[in-house]
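Below, each chain spelled out in residue letters.
4 protein chains.
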Amino acid sequence: MARNAEKDQISREKRLNQILDCALEVIALKGIGSVSINDIAVASKVSVGNIYHYFKSKDEIFDEILRRGQTAYGQFVSETEALELPALDKLSLICSGWLSTRNHWAHTLLIHSARLSETSLPSTRSQVTERFTRNLVPITNIIKQGQKEETIIDGDPLELAFYFVSLIQGLTLQRMPGAEVPAPIRVEGVMHLLDKRKRMD
Amino acid sequence: MARNAEKDQISREKRLNQILDCALEVIALKGIGSVSINDIAVASKVSVGNIYHYFKSKDEIFDEILRRGQTAYGQFVSETEALELPALDKLSLICSGWLSTRNHWAHTLLIHSARLSETSLPSTRSQVTERFTRNLVPITNIIKQGQKEETIIDGDPLELAFYFVSLIQGLTLQRMPGAEVPAPIRVEGVMHLLDKRKRMD
Amino acid sequence: MARNAEKDQISREKRLNQILDCALEVIALKGIGSVSINDIAVASKVSVGNIYHYFKSKDEIFDEILRRGQTAYGQFVSETEALELPALDKLSLICSGWLSTRNHWAHTLLIHSARLSETSLPSTRSQVTERFTRNLVPITNIIKQGQKEETIIDGDPLELAFYFVSLIQGLTLQRMPGAEVPAPIRVEGVMHLLDKRKRMD
Amino acid sequence: MARNAEKDQISREKRLNQILDCALEVIALKGIGSVSINDIAVASKVSVGNIYHYFKSKDEIFDEILRRGQTAYGQFVSETEALELPALDKLSLICSGWLSTRNHWAHTLLIHSARLSETSLPSTRSQVTERFTRNLVPITNIIKQGQKEETIIDGDPLELAFYFVSLIQGLTLQRMPGAEVPAPIRVEGVMHLLDKRKRMD
DNA sequence: AATGAATGAGTATTCATTCAT
DNA sequence: GATGAATGAATACTCATTCAT
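Chains as they are written, first to last, in the UniProt record's numbering: chain F, 1 to 201; chain L, 1 to 201; chain X, 1 to 201; chain C, 1 to 201.
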C-alpha cells in the first residue's frame, strides 16, 4: 500500500461534490433536458471517463443531486420547525430561505423531471415522491401550531402545507432566467395568504 | 380542376389540428423530453415526412401547441371575467376549469420547458412569457372586483393574481401520473386562501 | 399513396439482403469480435442510421445471419437426405458442400459466438442450439441408412452424426485466413473415418 | 538490504501465474469477447495498474495464456507418445485428458480468436499456428505406431492427426456452457472412428 | 512494487430533418 | 400532398492504457 487510504477517501469525497455541484450549476444554466455528460465533464473539469468512475450513469448523478437537495431541504425544514418561534415566522423563514437560494429552481425542475420522465426508474420516482411527502410533515406541524396560535387560517393542515409548498415551487419555476414575468414575488405577500389576522382589518 | 382551394384549406386545417391534438396527447403520455417526431407521426397517423409539410420543425409544433393552449386559456379567462358573477365564483370557475381539464399539466410542462430550454428561440420564450403576462390581466381584474366586494383579501391585485396562477400551476405539476402525493387538491381549498370572509369565523 | 407498395417491399427485401450479405462478408474478413456497425455500414454502402431502419440492433443482424445460415444449411441437408443415393455419397455431398463454401467458417464462428457471449439473449442461444440439434436429424437418418447398407461403421447414429458435424466445424475453423496449418483437408479423408468397408482391407 | 533478488523473482513468478490463472478462469466464465482488464484485476486481486507492471498489454496476457496452454499440451502429448503403451491407449489418454479438463474450451476459443482477430499481431497468429502444427507431430507418430500395430485405420498419418485434433476441438466448442446439444460425447466413441479392428465385427 | 484515479478514443444507438418517388 | 427510406450529427457509456502518489 503506497497510498494513503484516508486521503484517498477525502479526495474522492471532494470529487463527488465537485461533480455534483458543477452538474447542478449546468442544469441551472442550460436546463435539465439539454445537459449532456460532456457538459458536466467540462463544467467540473473532470474527464468524461472519470465521471463514470464516480457515478454509474447520468441518471445516477441526477438522482444524487436530488437526494442531497431534498435531504438538505428536509433538514432545514425540520430544524426550522424545532425553533422557538411563532408559526408564521417559521414559515417566513422557510419561504425566504427557499426563494432566496439560487439554484432552487434547478432542484424544483429536477424533482418534476424525475417524477415525469419515462426513463427514470420507478424506484427513483417513488423515492422522490416519498421524500417530498416526508418533507411535508414539519410544515404540517408548523401549520397546526399556527392554527392553535390563531394566526393561520383554518383548514386541513396537510392540505394547507401542500398548497404552501406547491405555491413556492410554482413561483420558483416562474423565476427561471429569461422568464421575467413583471409581477412581484415577496415573502410577506405569500405569507399573507395564510395569515388569519390580516383578514379582520 | 377537380380540387377546390377552399376544400384544401379545410383539409389543411383538419390535418393541423389532428397533428397538434395527437402531439399533445403523446406529450401528456410520455413526457415532453421523450417525444420524438416519430411518436407524433404514429399517434396522428400522418407520415413523418408529411408532418414537415405542415410544420417547419418539431419546435414549431411545440410552439404552436403552446400558442393555442395559452390563447384558448386567455379567451376562457376573459370570458369568465365578463360574466355577471361574484369574483369568488369567477375564480372558482377558472380554478376548477384548469384543474379538471386533462392534459393541462402537459401544457404547464410545455410552458416551463419552452421558457427554459437553451435550444428554444428567444422569440419563443418571450412570446410565451408575454402571453402568460397578458393572461394575468383578467385575473387581476377579477381580484380587484373581489376586493371591492370585500370577499377577497387585500394586497396588490397583480401580485395576488400571480400567486393564484402559480399555485394552480404548481398543483398541476404535482398531478403528474405516478406522483401520488397523499394530500388533497380541492377547488374550495384553493379559494379559501383568497377568501376574506373565512378569516373572521 | 404516391408510392408503390409492392416495389417498396421488394426494395426493402433487397436492402435487407444487401446488409446481411455484406455483414457476413465483413465478419469473414475481420472476425466477429471486431466488427462494428460502422464497418457494416461502410461495407454495405448503407448509412449507419439507415441500418437501424432495418434492424433493431447489431445483435439482431447477427441473429438474422445465423438464422438464415442455419436454415439454408438445414434445407440443404434435408434435400440431400431425400436423394436416391447411397448414404456415403450423401455424406460426401454434405461434407464437400460445407467445406467448399466460402464464408462457412464465418457462420461457424457466429454459431459459437452466439452460444457463448454473455450479452446475447438466452433466447438467441437456445434457438441456435435448437436449430443445430434439428439439423442433426437428417444426418442421423443418413447414418442409419448407411448402417443398413453396411457401409458406415456401427454405433449410436446420433452420436456419429454429432461427431461428423463437429469434425466438419472443427476443420472449418482451422481454415481461417492466416492459419495455414500444413495438413490436408480432403472430403474422402473425412469420409474414410466413417467408412466400414475400408477397415477390412 | 532486507530484500533479496531471488525472493523477488519467486514472488514475480507467483504473481504472473496468479494473473494468468485467474484471467483464464474469467475467460472461461464470461467469454473472451467480454473480458476486460478490470475483470482480470478483480479476479486476480491485483490492481489494474499493477497488471501493467507484469504485462505490456491485454493482448500479451492472452498471448501468454495461449503460449503456456499450448506448451503444456505439447508436453503432455510428447510424454504420452513416449509411454510404453499401444497407440490406441495413448490416443485415448490424450482424448480423455483434453475432454475432461475444465477450461479447455476457453483455450480452444483463445486459439481461434487469436488466429482470427485483425487486432492480434501477425506474429501472434503465426506463433499460435506454428505451435499447433508442432503439437501435431507426436500425435502423427502415435498414429504411425497404430498403423504398424494394425489397430488404426489407413491413411496419411498427419491428415488423420489433424482430423483427430480438429474433432476434439470441435467437440470442445460444443461443450460451451448453455449449449446443451442432446448428444453424447464419449472417449470410446471418438476412438471408434480411428479403430481399425472395430470395422471387422 | 502497488494502487486506483484519470484520460480519451471508440462504440452502439437515437432522432430531427431531407429526399426520391 | 403523401410516404417512409436515407442521412449524419449527437449522445451515453466503455475500456485499454497511463500517471501521480
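Be careful, since some hints might not be right.
Same chains, same label: a pair holds when it works inside one copy or across any pair of copies.
[Said to hold, decoys possible] Here are the simulated lysine to aspartate or glutamate pairs, DMTMM-like style, with alpha carbons at most 20 Å apart:
#1 K58 to E84
#2 K56 to D156
#3 K196 to E64
#4 K144 to D156
#5 K144 to D154
#6 K196 to E159
Read the hints as simulated data drawn from the structure, not as lab findings.
Practice prompt. Can you give me the call for K58 and E84, within, between, both or neither, at a CA distance of at most 20 Å?
Written response: neither (42 Å within a copy, 54 Å between copies)
Discussion item. Checking an output row: K196 and E159, CA cutoff 20 Å. Within, between, both or neither?
Written reply: both (16 Å within a copy, 19 Å between copies)
Practice prompt. State whether the alpha carbon distance between K144 and D156 is at most 20 Å within one copy, between copies, both, or neither.
Written response: Intra 9 Å, inter 28 Å, cutoff 20 Å: intra-copy only.
Practice prompt. Evaluate K196 and E64 at a C-alpha cut-off of 20 Å and name the case that applies: within, between, both or neither.
Written response: Neither, since 39 Å and 43 Å both go past 20 Å.
Discussion item. Within, between, both or neither: how does the pair K56, D156 come out at a Cα-Cα threshold of 20 Å?
Written reply: So K56 and D156 fail the 20 Å test inside a copy (42 Å) and across (50 Å) alike.
Worksheet item: For K144 vs D154, is the C-alpha pair at or below 20 Å within one copy, between two copies, both, or neither?
Response: Answer is within; shortest intra-copy Cα gap is 9 Å, inter-copy 24 Å.
The structure fails hints 1, 2 and 3 (numbered hints given earlier, in ascending order).
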